[in-house]
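Asks: Chains as they are written, first to last, in the working numbering: chain A, 1 to 231; chain B, 1 to 116; chain C, 1 to 81; chain D, 1 to 1047; chain E, 1 to 302.
These are computed hints drawn from the structure, not numbers from a lab. One thing to keep in mind: the hints can contain errors.
[Stated by the list, open to error] Quick list of simulated restraints, FRET-style, between CB atoms:
#1 D:GLY442 to A:THR83: 20 to 26 Å
#2 B:ASP60 to D:PRO35: 16 to 22 Å
#3 D:ALA199 to A:PHE15: 25 to 31 Å
#4 E:MET33 to D:LEU948: 57 to 63 Å
#5 B:ASP60 to A:PRO25: 24 to 30 Å
[Unchecked claim] Chain D regions said to be covered by chain A (calculated; three or more residues, Cβ under 8 Å):
#6 140-149
#7 366-377
[Said to hold, decoys possible] Here are some of the chain A residues that sit facing chain D, going by a computed Cβ distance under 10 Å:
#8 ALA6
#9 PHE24
#10 TRP31
#11 HIS36
#12 ASN57
#13 ARG59
#14 PHE71
#15 PRO151
#16 HIS153
#17 PHE172
#18 GLY178
#19 LEU203
Heads up, the beta-carbon is just placed ideally off N, CA and C, and yes, glycines get one too.
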Amino acid sequence: MRKWFALALLIVLGFFLAEIASSFPFGQEKWGVSKHYVDRGIEENRGANLVTSIVVNYRGFDTLGEVTVLFLAATALAFLLSTCRCRRKYRRWDASLILKTASETLYPLLILFGAYIFIHGHLTPGGGFQGGTVIASAVMLMLLSYFSFHPNHRALSTTEGLAGLAFVLIGFAGLVWGGSFLANNILPLGQWNRLFSAGVIPLIYVAVGFKVGAELSGLITDMLKATKEEE
Amino acid sequence: MAFFVSSILLILIGLYAVLVKRNIMKIVIGLSLMDTGVNLLIISLGFIRGRTAPIINTRDLLVNTSSKVVDPLPQALVLTAIVIGVAVTAVALSIVMLMYSKKKTLEIDEYKELKW
Amino acid sequence: MILEYFMLFLLFLMLALGIYAVETRDLLASVLAAGFISLVASIVYLYLQAPDVAMTEAAIGAGLTTLIFIIAVRKTERYEK
Amino acid sequence: MVNPILIIGITLGSAFLIGIVQAFRPRWTGWIFYPTLVFDFLASAVNLYGFLSGSIGKPIMVKIGGFPPPVGINLLVGKAEAALGTLIFAVALLGAYHWGRRGFPQPQGKIMVLFLLLALGAAGISFTGDFFNLFVFVEITSIASYGLVASSRREEALEAAFKYMVVGSISSTFILLGVVFLYKATGSLNMLDIGGKIAGGFSSQVLGLISLLILAGLLVELEVFPINGWALDIYQGADPVVVALLAGAAVKAFYLVYLKTASYLALPSFFKLSLIFGGGTYLVSQFFAWRQENARRLLGYSSVGQLGLLILAGGLLLSPSLPASSRAMVLAAVVLLILNHSFSKSSLFLLADNVKGEKLEDWKGVLSSSPVFRFSFTTSVFSVAGLPPFPGFWAKLLLVMAAARFSPWLVALILAGALAEVVYYFRFFYLVSLGDKKAEVGNNLLAPLVASLFLVGAVPLAYKMAADKLSLTLPGGVLVLLGLSLLVYLLGFSRLLQWLASLGLVAYGAYLLLPFLKADLSGFFLGLILAGAAVLLLATYPGAKNLSSSFYPAYLVVVFSMAGLVLSTTWFSLFVFWEIMSWASFLLINMGRGKKAAWIYAVLSAAGAYAMLGGISLLPSPYISSVKSPGPWLALLLSLGFLVKMATVPLHIWARDAYGESPDDFTPLLSGIMSKMGVFGSALVFLYVVINLSSRSSFNYLLGWAGVLTAFFMTLLAVFQEDLKKLLAYSSVAQVGYILLGLALFTPLGWTAALYHTVNHFFFKGLLFVAAAGIVYRVGTSYLPHMGGLIRRMPLTFFASLLAVIALAGVPPLSGFAGKWLLYTALIEKGWIFIAVVAFLASTLAFLYSFKILHAVFLGQLQEENCEVREVPIPVAVVEIILLIPLVVLGAFPRLILDPITRVLGKVTALGIPDLKYTKTLGVVSRLGHWNALFLMVFFAGAFILALIFFALTSARVKLVGQMDVGYSGEVPRSPEDLHFGYGMYDHFRRAVKWLIYPLATRVWRGIYEALGAVAEMGRRIYTGDTNTYAAYVIGISLLILLIFKG
Amino acid sequence: MWAKILYAFLTLIGGIAYGLLLGGISRKITARMQNRRGPTVWQNFIDLWKLFRKKTAISHGVMFYLAPMFRLVGGAGTFLLVPVVVGSPYLSNFSFGGDLIVLMYFMVLGCLGMALGAAESGHPHAPIGVTRGLSQMAGYELPFILSVIVLMVADKTATLEGIVRAQQGGILHWHLFTHPFAAAAAFISLLGMMTSYPFQVVLAPQEIAVGPPTEYSSTFLSYMFSGRSVFAVAKYLLFMNLFLGGASNLLWAFVKTFAIFLWPLFITNVFPRLRLEQSVLFFWTWPTFLGLVDLLRIYLVR
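This is chain A alone, in the form it adopts within the complex (with noise of 0.2 Å):
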């Protein structure tokens, strides 16, 4: 019943945003304002990666928020999982050699290949986020092969509140000799297509690396150190 009522239900939203979507055509040009970032991004931000400008600099401000949604998170389920009395799964044991020597060796190779990624986030695909990600996987593989493994808890709070507050910093310089806040003009833009370009961008996307990769170390910590319980 129940079931039969859902699908109904979502058929007919289905066909209302099939509705929406079939009237914009599959893979038809048509620009709106990002024609101006498509056209004059380079112009005014040295960037190569568009995406990268439009992320950091056109909608720094959208970047800004989405940190802190990540900072929240990452807060919240510090917070609410402070006093979890989770069952234990976690065994106490580290794991098997392999997977120990593996982790070793990947370990520093994945940190230095996300800051390789947040570094080149104005150049090539990815930044911030993704380089983030990958120094948290470089954690995670630990994690899971050590149960003693404990990334410093508050080396990880103090690298995440200093690259937040790095971005906004960053904002309010440009703010302050800029003339608007995260404006893109307080340092020289560089050449384009090369590393030291771009402005802030590269900054920006590098306290993001930062920010992500101990935030989402710290998660995940958090989530499997969430065992308070007494056993």
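Let chain A serve as the given structure and place chains B, C, D and E on it in line with the hints.
Replies: Quick look at chains B, C, D and E alone, frame taken from chain A:
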């Protein structure tokens, strides 16, 4: 077109789990599926046939760019949406874990204390 | 052409996995299926000329989300009643 | 001007900083947290001040990244946004302070971050000018809310958080999809840009659907019916501080952005959508709260309902056909509603945090626990229930007036919802005030106190806003007096001082209002009020009584609001004072034994008052002046409120217990003067509305029957009443029924009768109730069978009561007869002979209870436990004597009142003066007959004295014997109880008329209430508590919105 | 003015005497109908004298003391407000004092005073009697008011003089014949007013020992007695004026009042006693119906 249809269907599948499944973990999974569907739909909307990714890493892309790349804005939006999605999922899961720790069950029928 | 058929296959795969994820009683399998969907989606994003999104989806959607789901399932129950 | 980006940036920075500090020095987090909130608040307030003072002319536009609007994101902060920001951070500060005092849950830095970011998200939602940025802020708000709702980690809280999470995810998915589609359709994400494009004629066939998708998402967050089950669960399950922040601040941001979105996307069907969903939510939620036993959920229903009202108001704003003047009114109403709801609900939820349980019964006795609690609670409840002078009242007034231009049905809907709100809020109030024991209440009361002080502080602002829009003026002197009356509360440490101050204030009031004591209708009633209040106040001498410290303030408020009422020149003003009088009298009645009676009184009063307001909204001009060609409905609506106060059948059900169980010191005022305000109001309706009614004669006849049936049935019920005060209550209502009959006659003679009786009824019923107060004070009960024989203990009171009862019964030599004579003469002249018969019969029945009053209290056997009873206290005795004099004097010289009445009626040109002549031998001569009052008095007194002298001279020795010394069938009675005939005195008569005294009205009203309650109970089952179902509702309703309004 | 008072006083004495005489006659007739010899018709005078001369009177308090005065003044006042012979300067009493409405309310005064005094006696039978009397009043007042209003509306006056004048010009102009239903209603309610059988439960001589005045004796009772007698005469006079066209001279007044007096007397001796609720309901049905018939007629004709 297939992209639209399948992404909408993916949304609907996720919603179906939310509407019908009696397991709170399943509901969260459904929400996550729905997110994926929405993201796919948005990217499909920004796609322009025969264009390249909006990364201007070659010189010929520098001129007349708007006839050569796909719309970057939906991609930027999806980037944000994905991160927000994972944030919501994380909070949801922590709530689920807490709920489970209180009542030792994931059945939604046990979580109907508040009503009327 | 083959690419497009492959894409169709991928889309179909996603939907099938979606249905599987929703219908299976094994939450772990369900979570893995959902993660797999994200992975497939990231391939689709590549086709749709969205490498940034593809990376993000792969890293966050397929990786991180799946991971925290797995942790959550492990900390609760694996099977739906 | 403070750049709004500073607010956001600094708050974010602080949040990150707190994250670091938390890791090292968790205790120090507060040093960042509170200053940030203070900064945010001050910054918003500075901006708001800038807008209000005009130093900031146009909205502040913040271009982030320096890009012009369509390209970059921008913040757009206008007056509304600045105001909302101030509000949000004010509420957040209150909540933060409150939570901090109670102690944040650990780890506290994390919760501070959530709290800060929730407030920030809400502010961001209102500031942003970009749709996708809106989505981001919605998510910030949502995730912070999920965390905060779950923060207490109680099972209920987690459940609520989970439901919110599911529903919120669906809603934000809708918003996201809509925003992206919108981008696809219009090529922009900027609100202004899109709005400009649409206003400039841009259209797309799916634009409607897309907009509706966004609006549906926002409507979920706005908790419209029936997709608000999750919200109710949060209100019930989450920490009250969080709820205060959510309901007080966050939701308002959603509301603002809903309005902005709807006006930017400007689809013609939006206003209907808002009206339907807003109105439906409003009505249904207020109604569903009726039987709610969980206090928090009840407040939740109320919040949802208020939000519905806001959405409805938004619908009005969006309507293209709303005239500009009404738009200004609605805008003012929206501002006031938001203000009102935010602070009153914050206050109430923070108060709820101080109460141990969640159930209504756990709240019992909290009012007596602490004066701060009582003040905050009363203020907040009154404000949220929309009573004057609080902002909620003015908001409702403005909204109703604006809606009246739109559709009378909308007015009906608003008023019905308001009534339902009054029903459960006053139920709440009366349940809370039940019980003698003090409840244990936390002492974390500063934040609710501040919130309620905000409400009080907003009164002048609200009044000014409403007065500007409605061209409303209230008599200033009366306002001063009302304010001073409230100050008497501060003398609460000594009742005697309060009493003296009250007397002084009434004297001052009389001095202040002296110029208004003219020979017109207002002056006539004003004189009655001032003189009467002064006399009756004298009798309330506190002595060793256990009076509440708010007794005198409330008493004075009643008195002066009555003065304001009769001095009103506009219907608005009349309504305002009417409402003030109603709640003040509710408070007074609630201080007595009959809390439930007070509730019924409040509900019926509100029903009547809202009917009146509905009528006022239909009037072409707010001034109290002749209305051209009114409909009968208008007349009925306007008079309904007055009929309730007069307790006209079948609206009388409140009267018995409200009179009978109100504080003994208040009942004289209630009966003697306050019920006359109904008379005054009805007189106005007759003079200005009914007079131009095409069906005037039948309307009058109907009211005439209502009056006479009131007199008849209430008299009949009085005959069988075993409680002194309740008996007097019935009697009082019956007498007012005669007055109504006189008014309904609408002849000069009928009005003379009515006005004469109005005054005279004050004398004898005031006297009787004052005497009753004295008796109850001495004897300790109002139950007639426990009295008897008191003539030996209180001769003066007996004598006073005797004369009062003779006047009451209308037996000739005393003043009561004049009213009867005038009335019957008028009735027969008019030819209402059937009514005359019933009226005659009713006054015959009055003899039955007249005897009962005297016998059961004063005559018969003195009970043993009353042997030591003393005469009433001296102030009461003084008042008795004062009130005695007019009874006798007017009995001989009725012209002392008839002449002023004639002059008053001379002013009422519509009516003319009564056709009465005065001759020396025949006395007062009407067309029908005559009556020589002076002769009768002299004759009676002379004959009586002659007979007495003769008797005394001629009779044998008279021997006084003891009360038990009676010829009792040869038996010697043992105790007075054996001999006293004081219970069931008219049982034989009851057997004859039991078919007439079946409590039909009570049963019917109760039946209606129970039936509605049962429907509400059934209706509430729609909130099954099931997450899947809630999600299904969301989808279903969204689809419905898409289906219906896409055109 | 003083002459008027003198005439009124004389009429009052006459009224009391007449009332006492009628009481005696009634006792005699009743006795004869029950095959007894019965007391002499002067018995009431003898009783009154005897009571008046009693040496000691017992009082229960102020109201008890004052009640007989109330009773007497109430009865006398009622009597004096009714003109014996309309238009006669000697026999129209104080009818300028008020119209029919005044009269009807004044009638209550004596009863009320008596009731209060009786109630103060502390004897339970007294208030029982009073409550019964008042209830019965509620019963018979309805038909009585109906018929009075019929007359007032029909004659467009509320004064007794006016009503009497409207009946001049022959026996057929009497309201008894012009408004027969109203008259019937009034006469039936007269039975209640006189507390005669079947409506005698108020006094209930057997069970509650004459009801309200149960505790009264000696001089007190003599006052009550006189008040009662004159009150009865006042009622007869009232009815005469209302329905029998008034009296043009004293003789006619005697004849007509005597005729009215006979009516309850005969009914009394024929019917058993009703319980109180039965009498109230009786009054509220048949006589009320009769009254309504005429009222309706008046209402429709008007």
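Asks: State for each hint whether it applies.
Replies: Hint-by-hint comparison with the structure:
1. The given range of 20 to 26 Å is respected by D:GLY442 and A:THR83, whose C-beta atoms sit roughly 23 Å from each other.
2. For the pair B:ASP60 and D:PRO35, the supplied restraint of 16 to 22 Å is violated, since their beta-carbon distance comes to about 54 Å.
3. For D:ALA199 paired with A:PHE15, a C-beta distance near 30 Å keeps the hint of 25 to 31 Å intact.
4. Under the hint 57 to 63 Å, the C-beta atoms of E:MET33 and D:LEU948, about 40 Å apart, miss the expected range.
5. A hinted range of 24 to 30 Å for the beta carbons of B:ASP60 and A:PRO25 is consistent with their spacing of about 27 Å.
6. Check result for the region 140-149 of chain D against chain A: holds, 5 residues qualifying (beta carbon to beta carbon below 8 Å, three or more required).
7. With a cut-off of 8 Å between beta carbons, the region 366-377 of chain D has 0 residues touching chain A; three or more are needed, and the interface restraint is violated.
8. The beta carbon of A:ALA6 is positioned within 10 Å of a beta carbon in chain D (closest approach about 6 Å), and the interface hint is therefore held.
9. With 10 Å as the threshold, the beta carbon of A:PHE24 comes within range of chain D, its nearest partner Cβ sitting at about 5 Å, so the hint holds.
10. Look at A:TRP31: its Cβ gets to within about 7 Å of chain D, closer than 10 Å, so that hint holds up.
11. With a least beta-carbon distance of about 5 Å to chain D, the hint placing A:HIS36 at the interface is held under the 10 Å criterion.
12. Below 10 Å, beta-carbon pairs count as interface contacts, and A:ASN57 has one with chain D at about 6 Å; its hint therefore holds.
13. Below 10 Å, beta-carbon pairs count as interface contacts, and A:ARG59 has one with chain D at about 6 Å; its hint therefore holds.
14. The criterion of a C-beta within 10 Å of any C-beta in chain D is met by A:PHE71, whose closest approach is roughly 7 Å, and the hint holds.
15. Nearest Cβ of chain D to the Cβ of A:PRO151: about 12 Å, over the 10 Å cut. The hint is violated.
16. Below 10 Å, beta-carbon pairs count as interface contacts, and A:HIS153 has one with chain D at about 6 Å; its hint therefore holds.
17. A distance limit of 10 Å between C-beta atoms decides the matter here; for A:PHE172 the minimum to chain D is near 6 Å, and the interface restraint holds.
18. At about 7 Å, the closest approach between the beta carbon of A:GLY178 and any beta carbon in chain D falls short of 10 Å, and the interface hint on this residue holds.
19. The beta carbon of A:LEU203 comes no nearer than 14 Å to any beta carbon in chain D, farther than 10 Å, and the hint placing it at the interface is violated.
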